[in-house]
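Novice: The listed protein sequences derive, respectively, from chains A and B.
Residues 0 to 531, numbered by numbering that gives the first Met the number 0, are exactly what the first sequence covers, in order.
Residues 0 to 206, numbered by numbering that gives the first Met the number 0, are exactly what the second sequence covers, in order.
By construction, these hints were calculated from the structure, which means they are not laboratory data.
You may find that some hints are simply not true.
[What the hints assert, rightly or not] Result set (DSS-like, lysine-lysine): computed pairs, CA atoms no more than 27 Å apart in a straight line:
no., chain 1, residue 1, chain 2, residue 2
1, B, Lys-82, A, Lys-6
2, A, Lys-6, B, Lys-185
3, B, Lys-101, A, Lys-6
4, A, Lys-6, B, Lys-107
[Said to hold, decoys possible] Here are some, though not all, of the chain B residues that point toward chain A, as calculated from beta-carbon distances under 10 Å:
no., residue
5, Ile-31
6, Ile-92
7, Pro-125
8, Val-171
The model shown is predicted, which means the values in this text are computed figures rather than measured ones.
Ideal placement from N, C-alpha and C gives every residue a C-beta, glycine not left out.
Single-letter residue listing:
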Amino acid sequence: MNNILQKVTTFLVVLVLPALVLYATVHFGNKRGTPEKIEYQNRADIDKKVDHSEFEILQQEFTRPQDLTAACLSCHNKRDDELMASAHWKWERETTLPNGRGTVTIGKKNLINNFCMAAEGNNGSCMRCHIGYGWEDKDFDFEDPTNIDCLVCHDNTNTYKKRKGGAGMPATAENATKEFPVPDYSYVAQNVGKPLKENCGFCHFHGGGGNNVKHGDLEEAMLNCNRYVDVHMAKEGQDMSCNDCHLTERHNITGRAYSVSAENNNRAYCETCHTDTPHNDRVIDMHNHKVACQTCHIPVYAKANPTVMYWDWSVAGQRDANGNPRTEYDVNHKYSYLSIKGRFVWDDHVKPEYFWFNGTADHYLYEDTISEIPVKINELMGDYSDPESKIWPVKVHRGKQAYDVVNKYLANMKVFAEGPGQGAFWEDLEFDTAIQLGMAYVGREYSGQYDFVETVAYWPLNHQVSPKEMTLQCTDCHTRSEEGRLANLTGFYLPGRDYAKGVDYTGFAIIIISLLGVIVHSIMRLMARPKH
Amino acid sequence: MEKIKIFSRFERFWHWTQMATVILLTLTGFEIHGNYSLFGFETSVRLHNAAAITFIILGVITIFWLIVTGQYKNFIPTREKFKEQIQYYTSGIFKGAAHPTKKSFGNKLNPLQRVIYLGLLILIFPVQTFTGLLYMYYHYPQNPIDANGLWFAVITHTFGAFLMVAFVIVHVYMTTTGHRLSTNIKAMISGYEEEPVEENKTENQPA
Numbered sequence: 000m001n002n003i004l005q006k007v008t009t010f011l012v013v014l015v016l017p018a019l020v021l022y023a024t025v026h027f028g029n030k031r032g033t034p035e036k037i038e039y040q041n042r043a044d045i046d047k048k049v050d051h052s053e054f055e056i057l058q059q060e061f062t063r064p065q066d067l068t069a070a071c072l073s074c075h076n077k078r079d080d081e082l083m084a085s086a087h088w089k090w091e092r093e094t095t096l097p098n099g100r101g102t103v104t105i106g107k108k109n110l111i112n113n114f115c116m117a118a119e120g121n122n123g124s125c126m127r128c129h130i131g132y133g134w135e136d137k138d139f140d141f142e143d144p145t146n147i148d149c150l151v152c153h154d155n156t157n158t159y160k161k162r163k164g165g166a167g168m169p170a171t172a173e174n175a176t177k178e179f180p181v182p183d184y185s186y187v188a189q190n191v192g193k194p195l196k197e198n199c200g201f202c203h204f205h206g207g208g209g210n211n212v213k214h215g216d217l218e219e220a221m222l223n224c225n226r227y228v229d230v231h232m233a234k235e236g237q238d239m240s241c242n243d244c245h246l247t248e249r250h251n252i253t254g255r256a257y258s259v260s261a262e263n264n265n266r267a268y269c270e271t272c273h274t275d276t277p278h279n280d281r282v283i284d285m286h287n288h289k290v291a292c293q294t295c296h297i298p299v300y301a302k303a304n305p306t307v308m309y310w311d312w313s314v315a316g317q318r319d320a321n322g323n324p325r326t327e328y329d330v331n332h333k334y335s336y337l338s339i340k341g342r343f344v345w346d347d348h349v350k351p352e353y354f355w356f357n358g359t360a361d362h363y364l365y366e367d368t369i370s371e372i373p374v375k376i377n378e379l380m381g382d383y384s385d386p387e388s389k390i391w392p393v394k395v396h397r398g399k400q401a402y403d404v405v406n407k408y409l410a411n412m413k414v415f416a417e418g419p420g421q422g423a424f425w426e427d428l429e430f431d432t433a434i435q436l437g438m439a440y441v442g443r444e445y446s447g448q449y450d451f452v453e454t455v456a457y458w459p460l461n462h463q464v465s466p467k468e469m470t471l472q473c474t475d476c477h478t479r480s481e482e483g484r485l486a487n488l489t490g491f492y493l494p495g496r497d498y499a500k501g502v503d504y505t506g507f508a509i510i511i512i513s514l515l516g517v518i519v520h521s522i523m524r525l526m527a528r529p530k531h
Numbered sequence: 000m001e002k003i004k005i006f007s008r009f010e011r012f013w014h015w016t017q018m019a020t021v022i023l024l025t026l027t028g029f030e031i032h033g034n035y036s037l038f039g040f041e042t043s044v045r046l047h048n049a050a051a052i053t054f055i056i057l058g059v060i061t062i063f064w065l066i067v068t069g070q071y072k073n074f075i076p077t078r079e080k081f082k083e084q085i086q087y088y089t090s091g092i093f094k095g096a097a098h099p100t101k102k103s104f105g106n107k108l109n110p111l112q113r114v115i116y117l118g119l120l121i122l123i124f125p126v127q128t129f130t131g132l133l134y135m136y137y138h139y140p141q142n143p144i145d146a147n148g149l150w151f152a153v154i155t156h157t158f159g160a161f162l163m164v165a166f167v168i169v170h171v172y173m174t175t176t177g178h179r180l181s182t183n184i185k186a187m188i189s190g191y192e193e194e195p196v197e198e199n200k201t202e203n204q205p206a
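Just chain B, same shape as in the assembly (with noise of 0.2 Å):
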């Protein structure tokens, strides 16, 4: 086994406060959508309006960040082992097949995540911002824009957080999926991901 650097402090620390805020904004919406009583309406508001402004700061800090160290490229797609990253899910991982892509600091998802992710950040997250912030802050909605009593903005807002719970589901099983039930958890933990070397790889290879 070898030790591999794959995430930075800062990466961890957005990772982990992400969770948590994601957590509490999950909590808090569903109960003001009337799903269930958990903290008590008012309370759930104001908790839901707090983490998300903690949830935009993060935001605003992590893509600042994300640029100037350059690391925004792990999120960008491409077609190189896409199909062998579906095909080892779909078969390989049964078959105990190595995985297709290699972890480094420079490349810490796979094709599949980093499509899934860039859809995170570029679709879900600023969706649900913008229509969160509309509600929080547009109280005239006739004017100037009719935006029709913000049907569209809260019903988009919902759906993408039916989409957020779905993924926190997918994802945090996923962690799973490394070389070990626990290789991935502790990489965002440490920061060091344990990957086998070369030698343990033949073995894992299909007879």
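The shape of chain A in the complex, shown without the other chains (with noise of 0.2 Å):
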């Protein structure tokens, strides 16, 4: 009986106890939390709209756009401070760059980009995505508030388009064409209202010349998309809109694009929604404290269509046997190399690079001396030590752009101009007379001397956020392949990627030589066994 008992007892202690402790640890360590569900109704379907199709005021013809400012602005008055004091539209402002560099007046305005260089002195092309109307040069008045366009933001027809080279002007009678119809203002400014995809979308998503040239994550296919291509704004799904994110107040639109931006203020952010612990899972959600979202969330870019990599200038202005200009496509049927503006590397699916990035952004200015090469065009700030710093996916746009090679700086090119002899290098292919001219317009000394430098461009990633099936694994990073995702991030510790050789290579020895000692230990016990 006791013998039974004792029995039983051993049982329990060496077997079954220990098992329910494992059995435990495995079945509560081993599970994952279920994501918090975010419910969301869209701005656009809260608020309920104005008929402003029963304003008199805008039941007349009107001629000029400016008139139909004037009209908006007799109900909303006020409004145009708050539009005149923005970067939509003086295209700068007062920032603190980090580094020490004080504090500047920088934009779109007057900074340096490796696209097409810069927007000064190409208002006509560029200009053309200002809030307001014809921007066309200096003389352009910032203080008159019916220069302000109402329509290019709050069309809700989608039927109002600025003309190209217009410096932001639609069509007028004389120079109306099929594409660009002067509009008909009366039917659009009863039909305003908050913006939507399209209106954001007309500049947002064709900057440089193209869609999705920029950023690579901010493109047309947004209109209309799957799930895949954007989990936000898929047509199947929520549906959302910019401005559904870029919350706004008073035309206070938050969102930092940093090839313009300098601070870490006035940001969007994924948590102000899905909060800082979305995973409602420990092990995942403790990883926001040093990853942004965007990094697992946004696992390629440019989902849909192509953006550029790649763009070298210096082997623009070739001319073919006739002397035309001439074109060259890749194999997806996208522009590789175009006389106006050089070589083009497009790519789609594209793995983002990743940086340590605090929201501030130090930026080339013109008086900067090339110092370094390839130049940074801008530069994310941020480090491992900085406790506001994360790891965030970034396109890097890589370029080859003209520079005056006696001061060391960067060049400003006229690249635009209505029509041939007036010196626009997409006109005349001449690079000296467009480097000179678009020095000239912005008062920078040029010495005549030109070449092309190596400059680098980062761009932080922040739509095309994937479906959660398809956001990155652990192994992604935690991994020692070359390929991992974090591969050229270092000066931390890593889990799974990172190790000591030193502290290894004894480990793996000391078990090795414990290995041997017991072989041989026991071979000599089994030698040594007397034999009966």
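With the hints in hand, could you dock these two chains into one complex?
Specialist: What follows is the structure, encoded as structure tokens:
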């Protein structure tokens, strides 16, 4: 009896209880939390729209768009003050640069980029995306509120378009074409509302001279896409608009594009809706301390149409046998060479590059001399030891563009003019004249000697969020493979990727020595075994 | 042969539960370290974290038990028969010599075991626990103390893991050095060890 009891006890303490503990550990340990479900109602579905067609003032025939703006402001007074203080109007803002580089007034207007290089001096083409009417040159009146183009953002008919080459003016009777007719102002005015994707996209999809050239994660396909391309904007999904995330109060739109912004403020955050513990799972949520949501949730970008990864101006200007500009196409039928622009490399389904980023960025300014190659058009600040910094997915756009050899700075270039003979590169294919005119327009000295230098620009990714089934998995980063997403982001210990060679080699040596010792010892015991 | 009680019920439970936990920690730990794929990285992380908690709870209970029962005394090193024990493992064992230390409930460990196990208890376990907890909970390694990306903590943790594996190898082998190959393991299961009685002992003396 005693013996049986003893056996039962033994069975319990050496097998059943330890097995139970192990089972509980595995059972409770290996549970993944269920993500929080966000209930969200699109802003467009909440706010009741005012019926603008009932306002008499809008029932007139407008001949000048400026008159329409005056009509808008007669009810919406003081809104012009908000707009005229915005970067959408000024194309610059006062901002403090990191690295103690002081406070400067910078923006689209006066920053050099590595696409078409600079907006200033190319107003006809570039300022088409300005929210004003006809910023053709330095004489544009920034103080006149009727110069504000209300329609480009608030047209809900999708019929209002600014003419190509018109510096932001829509077509008039004199220059109307089939593609860009004179807008039906009365019809548009009676159908205004909150901005639609189409309104924002008109400019933000087409930066750099074509769909998805610049951003890589903002493009036409998102007007009508599936969940794979963008889980927020998908037609069959929530079908959100830009301003559902880019919350706006009094024409102050949240969100920062670090191609022009420098400060960590007024940003749009995933966390606003999703909280900073959206997975409801400790192991995954704690990544948010050091990893931006975007890093795992935007595994690839340019998912519907390709984006430009490389733009080499140095080979632009070639003419064919007949002396005409020529064009080459790549396998995806995207232009790979244009005489007016140079050589292009496009790519789609691009894996981002990853950097520490704390929400501040430095920028190349007109007066900066070139101190390193490639020249950084902008630089995302941050590193592992900075608590504000997170790992961020970035589109890196590389290029080769003109610089002044003597003054050692990047050059402005006049690329656009309405017609040949005015020294614009896109018309005349002459670098020297184009640079001279470009530099003169902004009052920078040009030595007369130019060459080309490699440049690099960093565009943090925020859009084209993938469905959760397609996010990055642990071993996309936690791997020793050279292909690991974070293989190049060193300077901190990443489990699964990093190890100290000395420690590992010593450790394995200790294990091998232990094994050998055990083997030798047991062999010796076997040999010495007394034979009976 | 006589049956001597060596291990209490709690000690046996402690031992086998700890064995299971340590094996789980080792298998998952080296997967996280990038040495192989077994459970999958995510599962390994979750199991490693869970096993760590189990290990700590078991440790706390055990420390309490060791203190209130006075059994901690088994781990206090002694010089007595230290040399003899080394001589036994390096030569006596090959000649069929008798164990220099006689086991009992109050003296379960020979002098070598005492040193090794004490090292395990006061060095490896606490260091592994401390560095592991740092990694689980110290998410801003610059503030307030700059831990340099926890580099030192993880390196120490890794080295501790290698030592642990080496310990397990030698430890498992040593179980075969009892009176019979299975004597020690049987003791850890049943709690009783079959020790040879005095007259057998003389038989085993070298001629």
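Novice: Work down the list of hints and note, for each, if the structure agrees.
Specialist: Tested hints:
{"no.": "1", "hint": "B/Lys-82 - A/Lys-6", "verdict": "violated, 38 Å"}
{"no.": "2", "hint": "A/Lys-6 - B/Lys-185", "verdict": "holds, 12 Å"}
{"no.": "3", "hint": "B/Lys-101 - A/Lys-6", "verdict": "holds, 25 Å"}
{"no.": "4", "hint": "A/Lys-6 - B/Lys-107", "verdict": "holds, 22 Å"}
{"no.": "5", "hint": "Ile-31", "verdict": "holds, 5 Å"}
{"no.": "6", "hint": "Ile-92", "verdict": "holds, 6 Å"}
{"no.": "7", "hint": "Pro-125", "verdict": "violated, 19 Å"}
{"no.": "8", "hint": "Val-171", "verdict": "holds, 8 Å"}
Consistency with the previously given hints fails for numbers 1 and 7, ordered from lowest to highest.
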